[in-house]
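Chains as they are written, first to last, in this note's numbering: chain A, 7 to 267; chain B, 49 to 635.
No wet-lab data here; the hints were simulated from the structure. Watch out, some of these pointers could steer you wrong.
[To be verified] With beta-carbon atoms standing in for the labels, derived distance ranges:
{"no.": "1", "chain 1": "A", "residue 1": "E225", "chain 2": "B", "residue 2": "R362", "range": "53 to 61 angstroms"}
{"no.": "2", "chain 1": "A", "residue 1": "D228", "chain 2": "B", "residue 2": "E286", "range": "53 to 61 angstroms"}
{"no.": "3", "chain 1": "B", "residue 1": "S597", "chain 2": "A", "residue 2": "S184", "range": "52 to 60 angstroms"}
{"no.": "4", "chain 1": "A", "residue 1": "G174", "chain 2": "B", "residue 2": "P358", "range": "15 to 23 angstroms"}
{"no.": "5", "chain 1": "A", "residue 1": "D228", "chain 2": "B", "residue 2": "P358", "range": "31 to 39 angstroms"}
{"no.": "6", "chain 1": "A", "residue 1": "G174", "chain 2": "B", "residue 2": "E332", "range": "27 to 35 angstroms"}
[Said to hold, decoys possible] Partial list, computed: chain B residues near chain A (C-beta under 8 angstroms):
{"no.": "7", "residue": "P121"}
{"no.": "8", "residue": "A160"}
{"no.": "9", "residue": "D343"}
{"no.": "10", "residue": "R440"}
{"no.": "11", "residue": "P445"}
Ideal Cβ positions, reconstructed from N, Cα and C, are used throughout, including at glycine.
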Amino acid sequence: MRRPRAVTLPALYPRRALVVGSVLALALGPVALAPAPDPTPTPSATTPAGDRGAQLYLEQCASCHGVRGQGSQQGPSLVGVGPAAVDFQLSTGRMPVSREVSQARRREPVFSADDISALVDHVASFGGGGPRIPRVASGDVVSGRDLFAANCAPCHGAAGSGAVLTNGWSAPPLYDASATQVAEAVRVGPGLMPAFPGQVLTDQQVDDLTSYVRRLRTERLDPGGNPLGRLGPLAEGLLAWLAVLVLLVAGVRWLGRRAAE
Amino acid sequence: MIMDRLARALDDRLRLSPVTRRALAKVFPDHWSFMLGELALYSFVALILTGVYLTFFFDASSADRVYQGSYAPLDGSTTSAAYASVVRLSWDVRAGLLIRQTHHWASLVFLAAIVLHLARIFFTGAFRKPRELNWLIGVTMLTLALANGFTGYSMPDDLLSGLGLRIITSVVESIPLVGTWLAALALGGEFPSDAMIPRMFVTHVLLVPAVLVALISLHLGILVRQKHTQFPGPGRTEHNVVGSRLWPSYTLRSLALFAWVLAVLFALGGLAQINPVWLYGPFEPAQSTSPAQPDWYVAWGDGALRLFPPWEFRIGGYLVPAPFFPGVVLGGLAFLALYLWPFAERLRTRDRRQHHLLDRPRDHPVRIGVGVAALTFFAVLVVAAGDDVLARLLGVPVYDLLYLFRILVLALPILTGAVAFLTARALRRGEAASLGDLTRADLRRAGRPSRRPSRRDDEPETPAPDRPGERIELWPEGEVWRWRYRDEARRLVLTANRVAVSEEEAVEAARLAYPGVDRVVVPGPPAPSPPGPVRAALRRWGRAAAAGSLLVAALVERRRDRRRQRDGDEGDPREKADAAPRGGEPR
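All chains should be built: construct the whole structure from the sequences, respecting the hints.
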């Protein structure tokens, strides 16, 4: 089933054989709404030979997003999505995908950090601007908690454990996301998530928010013992029933058996 | 010594000894399932013990309060006093979190134990005459426990429980005609009212617990007065109670259970985090969180609200909103059915006799079928309340799960109820002693239309006048008389726990318990029977095997030591390590 092109791939990425020529996910939801690509590409965007970003783009991305990022039936246009969107999708491992999925899941990133920045630069060369990769500083967790409860908790859960949305979509748990990735998601709004541009949340507020989300990851917020996945009362009820059946009823049976002797 | 004198002084003034002696000699039947209610009782004791500690720190007020403490993300935030005090309790009060979590775990275990106890009573027919009153008290306690669980869950005023309270308010408001009035009356105004937390607090720590304590006392008083039921068995009749005395055996066993319940609850409270309100944040009407569920014991209501289609219509110009049926009617009907079951069953079977011997669950296939179907129905509803959590964990669209649960909640109870009914009938008609012994033929016979059971359980109180091997033995012990029942065929001896002052009284007591059984006077208390030959042999062999294995282990160890020493003398340890994997190859 392997395509002949796969043979030419670097041995470092054997799974790319599946990826090449495959379709892209719809995970870049808002990106699909981006303006149609300019039919006449600017001459400055011509790919220099041997450019790592261009080469990777042609190998991994172009089959769905188009050679000039103009998009296709399988993937949305990348013109004007901004470096933040590209960096978010690649560094969380959501892109590239090997088949068309409604929502790509987080996984280990496929590319190295250098490759990602090369790809970010290359996609930026298609033009169109878009949000830049935010620089995150540490912020105030108290203000961050307020912002999180008002803006993020309805979908990601007040404990950041993620929750289900409509049509098979879900808001992922936030525990694996780095501060930069959280800030990128806030600015870009991947998937069903709304984008929060600078007019809605200032840079300082995004810093507060990312500090609180980073704080949510730490086990120091679980002083009560095993957090049971922070899944809420039903997980707790399940454990309570297990304890009742396995420990208490078993204890009662044992005592009852002793009595019968 | 001091206790002795104290006891004597008290006895001189209050004449306690006759009462105490009778109470201590009270007999409780031995069966593990009779202790399920005790699980609930001891969880309740744990709830009171931990709850008192919590009241020292909880501030039942919705006034604004600035939280200042070691939980950084809220430090300096203004929240309600109730929420701020719970966060302080969890983060800044010594042992506060442990006690709070133990309290919450105890409530979950309390309700689970009540459900198990209820199921035991139901399936064994322990609610029949004369115990209908205790059944009614028990069901009332279940409703009170549910109510108290919900108020306790809502009092911290966190975001998650605020959503639950909002839903309950909507359910109450959905009652046609009176709903909005009721809700306004209960809350003292519109939904997030200032009166709501103080009112829930008084209900939670005073009103309902006081009623619960009164009802528990009544429950146990009636139990002592009516005596506990027992399963039918050799020597057990409608007129006696066979088991252990209150003192010492039953008391010690019960105390052991109390200690074990406390141990499990505190282990849960210390090792598993429950209801982290600091993560959920304070309740704000404009905010929400997801996934949102209530505690498991009210989750069936949440599940019903999720599954029920959004039907609403008007009766005489009054709107009947969609939450009315799943929220109010379902719960109302369920508890009405629970309250009425003993009377409905008596109406159906026309059985007006007193029952002190329990049914085996298989004796009433209809009852077990209905019970299993109802339990399945509510279990599916509880799971359906977690459809959003399941959808995310399984990666399935949540609406697909919703449709699946809509089918399951209707189909699964019918299926499990039918299986339970047929299994019970197969067990009753066949000769199988337990589920494992059921043959396919038994099951096939169970499917056929019923014939009258040919063999009804013969009434134990009218035994044959001269059953071989059975007798009552009486003997004098000092100035009093004792008696016991002996069945040679079953190798069974049951000694009456109550002494009789005269031979006549002993004869009378024995005749009441075992009418028609021959009585003989024996010389004296027989020596305790030696352990059976099998057990004695096993014990001896076990001891010998343990000693032998210890000896062998010591010898092997010594030999290994010696060999190691010899090898160490012989040469380079590295060489030895190389040689070792090759086994016995000659070098």
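We went through each hint and held it up to the structure:
{"no.": "1", "hint": "A:E225 - B:R362: 53 to 61 angstroms", "result": "holds, 54 angstroms"}
{"no.": "2", "hint": "A:D228 - B:E286: 53 to 61 angstroms", "result": "holds, 56 angstroms"}
{"no.": "3", "hint": "B:S597 - A:S184: 52 to 60 angstroms", "result": "holds, 57 angstroms"}
{"no.": "4", "hint": "A:G174 - B:P358: 15 to 23 angstroms", "result": "holds, 21 angstroms"}
{"no.": "5", "hint": "A:D228 - B:P358: 31 to 39 angstroms", "result": "holds, 38 angstroms"}
{"no.": "6", "hint": "A:G174 - B:E332: 27 to 35 angstroms", "result": "holds, 30 angstroms"}
{"no.": "7", "hint": "P121", "result": "holds, 4 angstroms"}
{"no.": "8", "hint": "A160", "result": "holds, 4 angstroms"}
{"no.": "9", "hint": "D343", "result": "holds, 5 angstroms"}
{"no.": "10", "hint": "R440", "result": "holds, 4 angstroms"}
{"no.": "11", "hint": "P445", "result": "holds, 4 angstroms"}
Consistency note: the structure conflicts with none of the earlier hints.
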